[in-house]
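*Asks:* With chain A's structure known, arrange chain B on it following the hints.
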Amino acid sequence: MGLLAMLLEGEWYDFGDLAEQIEDWGAPDEAAYVLATLVATVVILLWAVLSVLAFIWIERRVVALMQNRKGPNRVGPAGLLQPVADALKLLMKEAITTAGADRILFWAAPIIIFVPTLAIFAIFPWGENMVLADLNVGVLFLLAIAGINTPAVFLAGWSSNNKYALLGSMRTIAMLISYEIIQVLALLAPVLFVSSMRMADIVSWQEDYVWIVLIQPLGLLAYIIAGAVEMNRSPADNAEAESEIVAGYHTEYGGIKFGFFYQGEYLAGFAIAAAVVTLYFGGWTLFGLEEWIPGWSIFLGKLYTIFFIYIWSRGTLPRLRIDQLMGFAWKFLLPLTIANVLIVGAEVLIWRENELSSWEALPAIAVVNLALGVVLFAGWARFLGHGKGTQAASGAILTQEIGTVHFKPAVGTEAGS
Amino acid sequence: MDETGVVIAFWVLAIMTIGSALGVVGARNIIHAVVFLVASFLGLAGLYVTLSADFIAVAQMLIYVGAISILLLFAIVLTPQENRNNSEGFLRLPALALALLVGAVMIFAAVDTEWAIADRDGFEETASAIGDALLDKYALPFEIASVLLLVAVIGSIVLVRPEPMEEDE
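Chain order of the listed sequences is A and B. Take 1 as the starting number for the first sequence in the working numbering and just add one per residue. Take 1 as the starting number for the second sequence in the working numbering and just add one per residue.
Simulated from the structure, these hints should not be mistaken for lab results. For every residue, glycine included, the Cβ atom is placed at its ideal position computed from N, Cα and C. Honestly, I wouldn't trust all of these hints.
Here are some of the chain B residues that sit facing chain A, going by a computed Cβ distance under 7 angstroms [said to hold, decoys possible]:
id, residue
1, VAL58
2, MET61
3, GLY66
4, SER69
5, ILE70
With the rest of the complex left out, here is chain A (with noise of 0.2 angstroms):
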């Protein structure tokens, strides 16, 4: 009867009020904390597959209507069930292991890819209090746990002997390390901003004062390309550039161990959406709106907006290539943000040394910041040689080294590395 009430009654996701139902049955304490953890987590796991499943059929018929195909439709009215027939597909295909590969490894991989990319999923505020680890440094956690998939990576290509599968592997970890830097200096500057890394207390700045998108449009930019990459997602999806190295540390995963792979690769998919949502879109308010709908509804409809911009931009732009790709992150993406941090540093110092109110500052702020990251995405393109309509093809040719291309710029421009 309590229980029915309370789910009844809203707020059963407060933790507050479960711990004081839980204390009316005379329970103790610790039930509570156990009890809210497994809900949560069995919620969040079942979301997570649900969701995976659904965006499966989503992300095929909506590249399909953008590239003039019809997409998955034989299966299940207007091709619904294609997930679940892919699903079983997966687990009933033969899990094959590749002779001489370490079997051990080989088995873990996938599963060390997965479970950290789950564990994310537990410090984004859903809701009011409806949090499952609202961790103090919850940005940095963010940060580590993506750091974890890395050596992961690399023991899925390593234990596959298979040299595509370690090139793969290594251009994956080069890609993965130079974005992570990258998006921890776009992140630096909302937690400078809110000077918390607590993911409630930077959706609670956002409701009080601004959404950081207005301030941050620059980091904003920086992040969500990080996250492209993170995700290994076109046009950043070299990972598995099927043309160069056939299918990347995948490339010996067959059945439901590249199931995990796959379903890994959207779970940080939603990840870095939630990040996005969370500390630039005002997580899961919408202007007083949140008094009316649940809040985990905003999240999640602000969440799948964010996820189709990157549907929308795997449907339309081609891929980079591997040196294109590791470039732009250390020559244009890596200055700009270093930059932005820089600025939004001054920013705050201003702010906080004359005691401006937030509306003499944040409009201020936000002016500039987009006017600055204007100037700066522009200029210093430009600076690289980009735009002067001076783009003469210029041959690339091998050395020695493994892997490294040295461009020799074409005749009378300072174009090229």
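*Replies:* Only chain B this time, still in chain A's reference frame:
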């Protein structure tokens, strides 16, 4: 919640840390040794969590699990195959003796020291406390460390610069 949970967590994490550390020296395949080392780092991060040092714990995950392990893996992959595995060397017994000696010294120090117990509570937020300390009390060492890192970055760029190619226009 406090006592039993933390004690269980401590023992699980301690066994994980020490067990994997033993695996590092025991494993024949050196890639397996690195995997054990990563597990040991993770266990250590968990121990930091039980000590309420959450910033250090996450930094441990970010730096050791995410970055140092990659450094080790790259170093191994770039080493010739024949020198790669944990083979039996002639230094086996001296190393064992030395390790036992170091262990004995550490255990003696841990048991013999009269540990001072601080009479104040832990920090509410370790991250901001560490930030304050780094930029206030320890500003000079912090800056020196950042200059050192800058030198390392510039040095690595100089090392990997390709030889200037001949102009054959």
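*Asks:* Now tell me if each hint is right for this structure.
*Replies:* Hints, verified against the model:
1. The criterion of a C-beta within 7 angstroms of any C-beta in chain A is met by VAL58 (chain B), whose closest approach is roughly 5 angstroms, and the hint holds.
2. Checking MET61 (chain B) against chain A by beta carbon gives a least distance of about 4 angstroms; that is within 7 angstroms, so the hint holds.
3. Taking 7 angstroms as the C-beta contact cut-off toward chain A, the hint placing GLY66 (chain B) at the interface holds, the least distance being around 2 angstroms.
4. The interface hint given for SER69 (chain B) holds, since its Cβ lies 5 angstroms from the closest Cβ of chain A, which is under the 7 angstroms cut-off.
5. Interface hint status for ILE70 (chain B): upheld, as the beta-carbon distance to the closest one in chain A is roughly 6 angstroms, under 7 angstroms.
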